[in-house]
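Using the sequences and the hints, build the whole thing.
Chains as they are written, first to last, in UniProt numbering: chain C, 1 to 323; chain U, 1 to 323; chain A, 1 to 323; chain F, 1 to 323.
Read the hints as simulated data drawn from the structure, not as lab findings.
Be careful, since some hints might not be right.
Said to hold, decoys possible - Cross-link-like lysine-lysine pairs, in silico, DSSO-like; alpha carbons within 30 angstroms at most: (1) U:K116 to F:K155; (2) F:K87 to U:K155; (3) U:K93 to C:K315; (4) F:K266 to U:K194; (5) C:K145 to U:K266; (6) U:K145 to U:K280; (7) U:K280 to C:K315; (8) C:K71 to C:K116; (9) U:K315 to C:K145.
What the hints assert, rightly or not - Restraint-style ranges between C-beta atoms, simulated for each label pair: (10) F:G82 to A:K315: 43 to 49 angstroms; (11) C:T111 to U:K266: 34 to 40 angstroms; (12) U:I263 to F:R159: 58 to 64 angstroms; (13) U:S58 to F:E201: 46 to 52 angstroms; (14) A:E199 to F:P81: 23 to 29 angstroms.
Just so you know, even glycine gets a beta-carbon here, dropped at the ideal spot from N, CA and C.
Residues per chain, in single letters:
Number of protein chains: 4
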Amino acid sequence: MCTGLSFTTHDHYFGRNLDLEFSYNETVTVIPRNFQFEFRKLAPLSTHFAMVGMATISDGYPLYYDGTNEKGLSMAGLNFPGNADYKPEAHGKTNVAPFEFVPWVLGQFETIAEVKAALVDLNLVDIQFSENFPLSPLHWIISDKTQSITVESVKSGLRVYDNPYGVLTNNPTFDIQSFNMNNYMHLSIDPPEKNFSRELEFDTYSRGMGAIGLPGDLSSASRFAKAVFTKMNSVSGESESESISQFFQILGSAAQQRGCVRIGDKFEITIYSSCCNTDKGIYYYTTYENSQITGVDMRQEDLDANDLVAYPLVKGQQINMMN
Amino acid sequence: MCTGLSFTTHDHYFGRNLDLEFSYNETVTVIPRNFQFEFRKLAPLSTHFAMVGMATISDGYPLYYDGTNEKGLSMAGLNFPGNADYKPEAHGKTNVAPFEFVPWVLGQFETIAEVKAALVDLNLVDIQFSENFPLSPLHWIISDKTQSITVESVKSGLRVYDNPYGVLTNNPTFDIQSFNMNNYMHLSIDPPEKNFSRELEFDTYSRGMGAIGLPGDLSSASRFAKAVFTKMNSVSGESESESISQFFQILGSAAQQRGCVRIGDKFEITIYSSCCNTDKGIYYYTTYENSQITGVDMRQEDLDANDLVAYPLVKGQQINMMN
Amino acid sequence: MCTGLSFTTHDHYFGRNLDLEFSYNETVTVIPRNFQFEFRKLAPLSTHFAMVGMATISDGYPLYYDGTNEKGLSMAGLNFPGNADYKPEAHGKTNVAPFEFVPWVLGQFETIAEVKAALVDLNLVDIQFSENFPLSPLHWIISDKTQSITVESVKSGLRVYDNPYGVLTNNPTFDIQSFNMNNYMHLSIDPPEKNFSRELEFDTYSRGMGAIGLPGDLSSASRFAKAVFTKMNSVSGESESESISQFFQILGSAAQQRGCVRIGDKFEITIYSSCCNTDKGIYYYTTYENSQITGVDMRQEDLDANDLVAYPLVKGQQINMMN
Amino acid sequence: MCTGLSFTTHDHYFGRNLDLEFSYNETVTVIPRNFQFEFRKLAPLSTHFAMVGMATISDGYPLYYDGTNEKGLSMAGLNFPGNADYKPEAHGKTNVAPFEFVPWVLGQFETIAEVKAALVDLNLVDIQFSENFPLSPLHWIISDKTQSITVESVKSGLRVYDNPYGVLTNNPTFDIQSFNMNNYMHLSIDPPEKNFSRELEFDTYSRGMGAIGLPGDLSSASRFAKAVFTKMNSVSGESESESISQFFQILGSAAQQRGCVRIGDKFEITIYSSCCNTDKGIYYYTTYENSQITGVDMRQEDLDANDLVAYPLVKGQQINMMN
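Spelled out as structure tokens, the structure:
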């Protein structure tokens, strides 16, 4: 369904695959500092950190899938069906609607430490954006340059997990996803040891056999294992080109190809993959049918303005013909 | 190590991932019809079909990794260490050196039927190109628009297999690769059936669970299973943009990310991915660090010329900045 | 480490494998109704249901591994290291030491419904039996003829789970063990469906391929999956011989062979396997080195007596020579 | 379907599981030295080595499933459907019908070296025993105290493989079974190494996790892996009781429980498990419903007699009641 990723070389990069069988006309959207953020149960934020990310804009409001603020804090929402459980309004709590959660975090905080402190009082309240945009069952990965957390509002309440992987996919709940990793601890980037028996001969007939056991299907638990293995073992140069190349390669390891997951008469695919240099505020993306990287630099916009700026996605292959 | 692929929508597409820990300065090389092809043990081909493909050029000779001729016949060589066994020269046989095999096939034949007939007498002879380019242990996938074959020269002789998958990776031998697919027959693009027990309840907690059991490591047997599953279930529109997007997505499902397979102090990566529209003779490729598709159209060249034309690869991300 | 099992044909059968690298001199022990059960924090039970089971007797006290009472209620404790968390004494709670838990349950209750009601106030208190028998980290399966539950005292408190499998092994916690079963829902006792592709041919080269994906290692999560699959699909006649044969066969599917799991310089093995006909009160067992079934019939004892009766285990193969 | 096993402690032991959904009224059969063995295409053996094994007797002829001769040479035939290919009679060859193969080998040879020499001229000829006993598709494991071989008559001819595992199951062909073991080389009896990442923490939450990846379904390729892992890592004392206990435990690791493999309206089960002490000529067995070991000592019979001696199987649990 989706894969979120935080990755650091010289700079810090944050992004995700959005895997769906349809698209909501999403755009790369820059919100300047003086865009008026209304909240259903809280006072509006009339000034806040600027942010850039992927959003569907509805009635002038940016419904963010993922984004990064000018301080480098980043956040993405990923599908969490069957587990996400939003609550009635609670007195004495900070009541935030799920669709307000990204602006509420990115508008105000600089670090994970600040976010964690604020989450103590958070109540994700079951208010939908509109009839057309009912509540999505989501959980979130939030990252700064040094750490990531996962936030899940489930039946038993709000759960905040340290996320040492910097990876999030979908179900099951993060405690089970983490537990499952124990079953993969033996996987290696090196050739397998011949532990089976000293009396038998074995042939390392292929490179890469040290990771036999790593799953390759597109279910969310398998994508989690695959993406975590790829991310934790990633090797990259520190230049911008090398870093974003490696970032999109990691996302590619968990990408969904059309035809592999059937949903009725449609197929789930990786609609877009994004990678934001959170130090520089440059948001890069590719789409299923445009593998060239397109970029939007939030600092090229007037960040003290009031109005959002939205860049429609460039789709269709942009081929560089040599002759 | 490598993944070869044949795929048909409206047109036919053929290409591969080259997975290595180093690069040989490969170029997209067009060989016109009157380029003089010398052979070590056969008469030269002074006129032949034109071809385009990826090659390292050494002493003016194109060492092809993969290529397509003007009739749409395509061929790629993939690593086959420990199994490839080239033979001494044999009288009464067509003695072709492994590095001559691609030009010998693409220069003369239009269809798999023709190739199969010619292979009856083939002897892949253990002659190296030069001291600097010793024999690579290879096997090959050869495809026309309707079918593919795999050719392996092993200890017991030359083996020619029908390849109904249109996919080739590396070890083990193709008969074992094919046999292994039986172990995956239950994998599905649809949600799993609840066969385990009628008395228990199960939760299809994620999309994509029908393919649980598909491997995700980068060994050649696992990449074969993953690429075959993705290819056989692929769904694509018929336009050029849709088709080549899907082709590169399939190759992406078996791509190698830097860090996942360590070779000494280096890492095996997908150096380039190629996709040739074999009907139009347009050769597309991406590189590990340039996700934009670059194209070379063989028909833009003078195909009646004598001299090869080589396009160095465009490397480094070509980013399309929006602001 | 261990596998517990509840199974019903005409009668109900309950038992377990005890998997360890050492043995505590366990005996088949019958406790008559008037054996005085002392409790550390509760009033003694001077009269109670009679019970039979496997126990190590220390200072005249039966430390039960598993047992069944005269009403057919059964219970077994299985290793739960790292997860079991016993609590300080709590006022207003029923404070039972872990080693008292089996007698406390089997001494007083007839059905799972009664047990569940009593568990509401239970506190498993961190009192060890003696210096020589410190606290074992355990969780329990409790079964009557129609249902089973699993009881776990973990950091967050006492957890009581319905156990529709009638199987218990060891770690992880039962919620995760249950969740994992979703990943096996496609496994089948019938040949696999050919879902992979309609265009390819597959060979069902062996019987039993419908369950490919079922794990066979001896870790507790894998034994759970294997034992649940075998149990849920078991087919048995209703006679005593057929029923206990099938029961020991199911336990055999999760048994541990010497050499497969090394613990320092020892090896974990299935020390004994037990099967109690809970309707008749006959306790059967085999040992690693005695595959003949030995039986103890609790109703052959004076169940109104005060003193326990203990039968040492018959070990060493009892071979029936024909000539 | 079946699992054959050769295992040495102080003495050498050879046996097998017979897995089927029906039974042929098999008996433990001793053939003395002067029993007249007729052959369809060869001269009769009127005197030969005595042997003991499991056989169905038809018209006075022992159709052996497995057996051992007085010199300690052993042999078992296992199902090999789809691969076994018997040949027309061939001049200049030793033409042996498949049902004659066990007597032909055990009657004449003492060692694997002798068998290998004789196999050079062997032709397994497509002659059935009778209308009621048509040809079974089989392959064989033959063992002496120091080595084992596997013999397969397939389309391309007779194949004789060294079998360093001392294990045989069924399909696929032995070369592929052996190749598959490479995919398990990392499995270990020790806890898994934490190769995945040095930056993450992992919990070895269970003993036995070093062998995660070992299959547990009952297909012949999975039983082969499971039985080989268990056999190669087996640890046993050298006494007769310890040795045969360990032998039956190894066979138990690949046993088939009723209900796990459905064949029409029947279920494949382990009909019997056998273990012959080949040094002493004692044949032990258990059946699905009789876990006590029954024994037949060939040296208790008159081995210079002419007539076979057959012991019907003891079925039904032989329970040793303590009270």
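Is the straight-line distance between the alpha-carbon of U:K145 and that of U:K280 30 angstroms or less? Cα-Cα ~12 angstroms, so holds.
Can you tell me whether the CB distance of C:T111 to U:K266 sits inside 34 to 40 angstroms? holds (37 angstroms)
Does the alpha-carbon distance linking U:K116 and F:K155 stay inside the 30 angstroms limit? Holds, at about 23 angstroms.
Holds or violated: are the alpha carbons of U:K280 and C:K315 at most 30 angstroms from each other? Holds. U:K280 to C:K315 sits at ~23 angstroms (cutoff 30 angstroms).
Holds or violated: F:K266 to U:K194, with C-alpha atoms at most 30 angstroms apart: Holds, at roughly 21 angstroms.
Has the given pair, U:K93 with C:K315, been kept, meaning a C-alpha gap of at most 30 angstroms? With a Cα-Cα distance of about 53 angstroms, the restraint between U:K93 and C:K315 is violated, given a limit of 30 angstroms.
Beta-carbon spacing of A:E199 to F:P81 - inside the hinted bounds 23 to 29 angstroms or not: At 26 angstroms between Cβs, range holds.
Pair hint U:K315 and C:K145, alpha-carbon separation not exceeding 30 angstroms: Distance of about 28 angstroms is within 30 angstroms: holds.
Take a quick look at whether F:K87 and U:K155 sit within 30 angstroms of each other, Cα to Cα. It holds: about 26 angstroms lies between the C-alpha atoms, which stays within 30 angstroms.
Could you grab the alpha-carbon distance between C:K145 and U:K266 and see if it respects the 30 angstroms cut-off? It holds: about 27 angstroms lies between the C-alpha atoms, which stays within 30 angstroms.
Looking only at beta-carbon atoms, does the pair U:S58, F:E201 fall within the given range of 46 to 52 angstroms? Holds: the Cβ-Cβ distance is about 50 angstroms, inside 46 to 52 angstroms.
At the C-beta level, are F:G82 and A:K315 separated by a distance inside 43 to 49 angstroms? holds (45 angstroms)
When the structure is compared with the earlier hints, violations turn up for hints 3, 12 and for no others.
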